[in-house]
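Number of protein chains: 4
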Amino acid sequence: MKAFVMKEIGRVGFADKPVPRPGPGDAVVRTTRALICTSDSHTVSGGIGPRENLTLGHEAVGIVHEVGSEVRIFRPGDRVLVGAVTPDWGDPASQNGHPSQSGAPLGGFKFANSKDGVFAEYFHVNEADANMAKIPDGVSDEAAVYCADMLSTGFMGAEKGNIPIGGTVAVLAQGPVGLMATAGARLRGAGLVIGVESVPRRQKLARTYGADVIVDFTKEDVIGRIMELTDNQGVDTAIEALGADATFQTAIKITKPGGTVSNTGYFGEGEFVRIPRVEWGVGMAEKTIATGLCPGGRLRLDRLLRVVAAGRVDPTHLTTHQFAFDDMERAFEVLDKKLDDVVKPLIVF
Amino acid sequence: MKAFVMKEIGRVGFADKPVPRPGPGDAVVRTTRALICTSDSHTVSGGIGPRENLTLGHEAVGIVHEVGSEVRIFRPGDRVLVGAVTPDWGDPASQNGHPSQSGAPLGGFKFANSKDGVFAEYFHVNEADANMAKIPDGVSDEAAVYCADMLSTGFMGAEKGNIPIGGTVAVLAQGPVGLMATAGARLRGAGLVIGVESVPRRQKLARTYGADVIVDFTKEDVIGRIMELTDNQGVDTAIEALGADATFQTAIKITKPGGTVSNTGYFGEGEFVRIPRVEWGVGMAEKTIATGLCPGGRLRLDRLLRVVAAGRVDPTHLTTHQFAFDDMERAFEVLDKKLDDVVKPLIVF
Amino acid sequence: MKAFVMKEIGRVGFADKPVPRPGPGDAVVRTTRALICTSDSHTVSGGIGPRENLTLGHEAVGIVHEVGSEVRIFRPGDRVLVGAVTPDWGDPASQNGHPSQSGAPLGGFKFANSKDGVFAEYFHVNEADANMAKIPDGVSDEAAVYCADMLSTGFMGAEKGNIPIGGTVAVLAQGPVGLMATAGARLRGAGLVIGVESVPRRQKLARTYGADVIVDFTKEDVIGRIMELTDNQGVDTAIEALGADATFQTAIKITKPGGTVSNTGYFGEGEFVRIPRVEWGVGMAEKTIATGLCPGGRLRLDRLLRVVAAGRVDPTHLTTHQFAFDDMERAFEVLDKKLDDVVKPLIVF
Amino acid sequence: MKAFVMKEIGRVGFADKPVPRPGPGDAVVRTTRALICTSDSHTVSGGIGPRENLTLGHEAVGIVHEVGSEVRIFRPGDRVLVGAVTPDWGDPASQNGHPSQSGAPLGGFKFANSKDGVFAEYFHVNEADANMAKIPDGVSDEAAVYCADMLSTGFMGAEKGNIPIGGTVAVLAQGPVGLMATAGARLRGAGLVIGVESVPRRQKLARTYGADVIVDFTKEDVIGRIMELTDNQGVDTAIEALGADATFQTAIKITKPGGTVSNTGYFGEGEFVRIPRVEWGVGMAEKTIATGLCPGGRLRLDRLLRVVAAGRVDPTHLTTHQFAFDDMERAFEVLDKKLDDVVKPLIVF
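Residue numbers (the working numbering), protein chains in the order written: chain A, 1 to 349; chain B, 1 to 349; chain C, 1 to 349; chain D, 1 to 349.
Simulated from the structure, these hints should not be mistaken for laboratory data.
Careful: at least some of the hints might be erroneous.
Identical copies look the same in the list; a pair holds intra-copy or inter-copy alike.
Dumping the calculated DSBU-like pairs for lysine-lysine here, alpha-carbon to alpha-carbon at most 35 Å [claimed, not checked]:
id, residue 1, residue 2
1, 134, 204
2, 219, 7
3, 253, 7
4, 2, 253
5, 2, 115
Small disclaimer: the values here were computed from a predicted structure and weren't measured.
Work out the full structure: start from the sequences and follow the hints.
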């Protein structure tokens, strides 16, 4: 079968690989739709170290092709969503309430990391009964595929942010995860959602997904503006959706004492992420810093699909580009180089 | 001044009383709008025991008339919302995170209970800085007054219900609190909100406030229907918004293992509220039963007003009747006897 | 092999059965020590319905005899503790944080329920890597076997009770689970632990495990005494460790507003468990009712073994009787009929 | 009256001041015992900016001298403990569950900060009913005074650390707060408590208060040793009790994915506190960072006194020195310069 791989650090392309086979609890899925993620770019640029012919991608939906002998919920032909994170559910980290950390730190993130990813005609799913969900009839493949990572991670940012009904929230950066964090803040009942973003297309999407106010850091003093919008109190919750030291510092500064900084960003650079000491209340202002990695699991996926099926959030506004799988190299370049005002490129198999 | 009082058990009417004076931390408010609550009826029928010439009512907004020497936030002339529950914030119960229980069980509920209520030309507010909120310019008195109890109690039902994003929720009874619990479930991100109600006007309001499905217990088997709607799993959260033994039992039965029964109802009758033993998993199915009394406090009120100001929820659809304060006796009769398909009567001063 | 079974409702005895074989992720364990539980009695008396030749027992330790092809952590010869509850870790209930409810309400409780139990020379363990733990060298088989259910369930009562450091706790009934709830309350930092019990041997054990005060319901008014001990406030946490309607009612009554009733008891009788309406604050006093079923899993077992290894709690004081497996019929009779002041009978294989 | 003050940055001494008078809800206490804290040193060295003749000290017990007209719980002559932090309980931060942040970040910390402290013959207590507690007969003044800050802050480190029963905990630095965090970890049921400390006297105290293992950073690789002690998993909870960038980094590194870093330390230096990026799981390992400021309030104080009265923790082992109030200058010097292996100097009035 055809697979789109990282041939080595800095180089991608197609490779021919055998169709995978399932172990007793596993499934193999024939891919129908996939999304490219900026973390695919990080991987190719060496973010997780050298790899040779590793199939890329972790966001996909498809049709079940084959299941192992112990799989009870799924059968060939089922239209399924697969989580970007596919935990080992019996692992102590999972038993501890942190399945995305099963096996190792970030160990639930297997696709295009500890095993081949989903940018292939077929891909393998471990613990299939626990890590896939059937897609309801009213939900399109395109809408469903956003639940694999974008909705799950973005909403997690809101959930871990401990937002009270009527609370104030700032979402720092309105990329795809930030936009879904914005939608997530609205889903949790925030009374004021501030989106920080400078790119007009993303500002517009932020409004679509529920931002009440946009703060453009190229034109305004972000901290001053947010303090003004919150009667000088700071926000209940700041969601970091970029993964940059400067943004993280801003998040600490704009959060009220007793509030929460919720991180969804991948910090790819530097030895340290720095907490501004004084604004952190010299370690005593009760500003909690929470982090997470995309939650997976059938229960989670079913809930996200229910949100989409009920029309609460329509993620397909994120699709700015569409490519056939054969045009994967071009698609990858568009996202990698942030060409043409891209948000998310959808890949059609 | 004129006050609408419970003269004795079973009898209401007007009385003349002196305008109250504030202690050092208190305020006196000139009433502009108020709402009648079914609990006013409970009180008159003897629910809290005998009272003589007790001013009724706990839901009101108004204009600050006078403040005590230690009040710092408010001044005469401020347009304010006052919580139905006005806790003693220094009490150990408040320090324990349960301000509505300050002083005694349910002790935060002072109006028309341990002191005169709000159905008067002026009323007294203890710990004014902590128990009132300024009404933003864009919010009408009518909208604001619903925040005193209806939004606070209804949303609490959703909040204590531990609803996950995309979770399933049933709200049992769509009276004013149940309707706000429905709105609250939507605010917390529920993926499926089931409203149980038989009265057409309330069914329609339930849809307005976000119910996805209405189950009419006069026409359907509630438990069977809800199990069907949840793939036989039961709901994540059942909100009891009636205060009846039978409804409470249904709530236990329709909740999935590991789910939450969240009570907002006032149980006014019988020696016991009964848990169905088997469906409660013989005490081991991890169905948590949570309860609460309307949260008060300036922080809470500010957040509720923000929800209203931002247009997330418009509570004024609940107003089915409007009366001048002079017509209070008729207004009380309409609610007490549930005449004319009443939901909430608004009183204009 | 020899197995001690429920032949039919009301009748027990030995049966000959084949040694079980493991599936790919399973293990078979050769039993070395086991404990009899009152729930074995409930089962025999028909508590879970009719069964034919069902092997009884769910508390055991042993030596790994055989493992399936996918088991990675354990090998034949390992000395292991097996949880009384052995969840399906990939199930949605487990993903929801309620593994004891996996598959069905109380579905994690498989031994002597949905499959053969541990009162046999060998027994089968599903998802072995997730449901067993190696016993550290310094921990005896006898101490370890108490971690299967007694420590896990008793401590859970304390954990779900939300005990603050210095808080007040009452544990209603000092049977083996109640005694471990008493120990658990101390482990969580309770400042006052009140044990309610009338049997002298159990009163003495309660003091050993950390009760500060014993209240004997045959000699004192339990509610009055507990209110007196708590300055008329009620306790922060009441742990019900009997499973009786009357005890549950007492638990509600002695809990302060904002406190928690934590249930560990199995309610075996009656259509209802009854909440006293007025003392429950007419549904508004914020007295949360939490329940649970013995937590399982390797992480949990490892933590319990650490508590025992570190000498924090010595569960072997619970052993009042010891029998060889061949004397199982007598052992069962002793516990079933509560003869000879029995607390826990240890079975030696 | 005589008061021990910070005359200016870097200079302390006695001053004569009038005895304070209470407002309506306040009290004035005649000091009997006090403790000096390292934060008094920080203050004198300019940590909170310049002050002129500010009375120092925040840890004290005494006898009620005078109460305001609205004080209901206390009377002159009562022997009382006063919290180091005395919140404004009606403030929105308090209503939000963060009373130590009332009024401003760290705003509950009033003594020797926004008002005169307790190193005087008399001192003033705001919201007396809410911020003091009667000392039980069986508790000495010396034991009680440790509850003002040391027990409250140290235990908070354990409480915010989310320690499971049987969990693993490292407490970084065994100064007085670290020692009480060690005691707190034991009170929460930790199965392994690792104390990191190099000073022999403090190592010995750490064992007294419950550390199972001492790691001496001058002789061992702390991270390597802790990973070894935890089967290479890291601890569930790392408590930072020093307030140093290097220690904080260690805390992040030794915490397992899904674990908690709980900070009690005051960070007094540098622009940033730095998170090691990779060991923080590039922002995705679910290592929560929690912080807090000494909890105050009568409920808290009563609970701490109960812990002491019940003999769970004896804080008086911390007293290494004792001085009369007249020798305050010498006492301050001893702590300030860490002379004579000091842990805590007790001041007798």
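Status of each hint after checking the structure:
1. For the identical chains of this complex, residue 134 and residue 204 are neighbours both inside a copy (32 Å) and across copies (32 Å), given an alpha-carbon limit of 35 Å.
2. Proximity of residue 219 and residue 7 under a CA criterion of 35 Å is satisfied in neither setting, with 41 Å inside one chain copy and 46 Å between copies.
3. In this assembly of identical chains, residue 253 and residue 7 lie within 35 Å of each other by CA distance solely across copies; the values are 33 Å between and 42 Å within a copy.
4. Proximity of residue 2 and residue 253 under a CA criterion of 35 Å is satisfied in neither setting, with 48 Å inside one chain copy and 41 Å between copies.
5. Proximity of residue 2 to residue 115 under the C-alpha cut-off of 35 Å is restricted to the intra-copy arrangement: shortest distance 16 Å within a copy versus 46 Å between copies.
Of the numbered hints stated above, those contradicted by the structure are hints 2 and 4, listed in ascending order.
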